[in-house]
Amino acid sequence: MTARDVDRFEADGRRLFGLAYRLLGRAAEAEEVLRDAYPRWTGRADAAEPEVGPTTLVTSLCLDRLTSARDGRERYPGPWLPEPVFTADDALGPLETAERRHSVSFGLLVLLERCAPAERAAFVLREAFGHSHREIAGILNVGEDDSRQLHRRALAHVGESRTRSAVPPEEARQLVERFLAATVTGDVAGLEALLAAEAVAWSDDGGRASTVRHPVRGRAEVARMLAGLGRHPRAAHSQVAVSPVNGQAAVVVHQGGELTAVLVPEFARRGLVAVRTVSDPEKLRFAARQLV
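Each residue of the sequence shown is one higher than the last, beginning at 401 in the working numbering.
The hints are simulated quantities; they were obtained by calculation from the structure and are not laboratory data.
We put the beta carbon where it would ideally sit given N, CA and C, even for glycine.
Wrong hints could be hidden among the right ones.
Quick list of simulated restraints, FRET-style, between CB atoms [said to hold, decoys possible]:
id : residue 1 : residue 2 : range
1  : R689      : H637      : 22 to 32 Å
2  : E658      : E431      : 17 to 27 Å
3  : E499      : P633      : 34 to 44 Å
Model the full assembly from the supplied sequences, consistent with the hints where possible.
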């Protein structure tokens with residue numbers, strides 16, 4: 401291992417973090433993977449291709465974690481959602497295109513939970529990072545035909561997400577600001593005007609609080625639930641703002657200077673189709689550190 405290889409690993413840290421996060425859905429775990437990968441990579445004696453080598457190592461470590469985490473996620477108390485990441489500073493890499501924003505969106509990361517670990521890896525490597533099937537085969541230690549099959553299986557799981565009409569970022573931000581105003585004022589009619597008929601709301605608190613443990617479905621039901629949040633006594637002591645999270649405009653909630661919740665609305669052309677709220681303190685730690 402040469403000093404040049406070490407420098408390349410360090411310079412490539414943001415891309416590798418973005419890869420690990422997309423594979424795991426957990427920013428804190430992605431950091432741990434990079435900490436584990438660095439000494440292993442710098443201690444290698446082979447002359448692996450500089451870019452593919454670290455990618456292979458990070459992917460392998462993530463696959464190990466995904467395999468061991470499956471049972472725990474199946475037993476998770478309530479809906480499982482990814483950890484939010486503030487992306488104004490390109491923490492997950494440049495997100496200047498709709499495809500790149502989609503690759504870190506809550507909607508896609510939730511759908512990727514349906515995939516087997518190797519399927520998820522094939523999808524992320526192909527769709528988010530543009531690797532060829534020959535490269536993916538080498539990274540996953542499978543044949544090229546196997547890589548294509550893994551990718552096809554993943555596409556079948558996330559097909560619903562890929563068919564939705566994207567809303568341009570500026571328009572999405574305006575819609576989120578309207579959503580926030582209607583929620584804060586408890587405006588049920590205003591919320592219903594924004595929501596699609598099939599809207600769904602999920603809340604992930606890690607089993608620590610009394611939030612809704614099951615999805616709330618339907619325009620009227622979701623509107624009433626959100627309006628209730630705006631009328632809750634604690635809402636009067638909350639500070640709310642719209643910030644870019646996972647490549648999309650989201651509502652960020654602070655109480656007493658502490659980050660307490662992130663609400664990620666998902667808009668399609670037909671209206672607001674999903675609201676995902678993360679209030680699990682452990683899942684907010686990385687995002688809270690980003691704000692310091």
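Hint check:
For the hinted restraint 22 to 32 Å between R689 and H637, the CB-CB distance of approximately 23 Å keeps it satisfied. As the Cβ distance of E658 to E431 is approximately 21 Å, the hint placing it in 17 to 27 Å holds. The hinted range of 34 to 44 Å is satisfied by E499 and P633, whose Cβ atoms lie roughly 43 Å apart.
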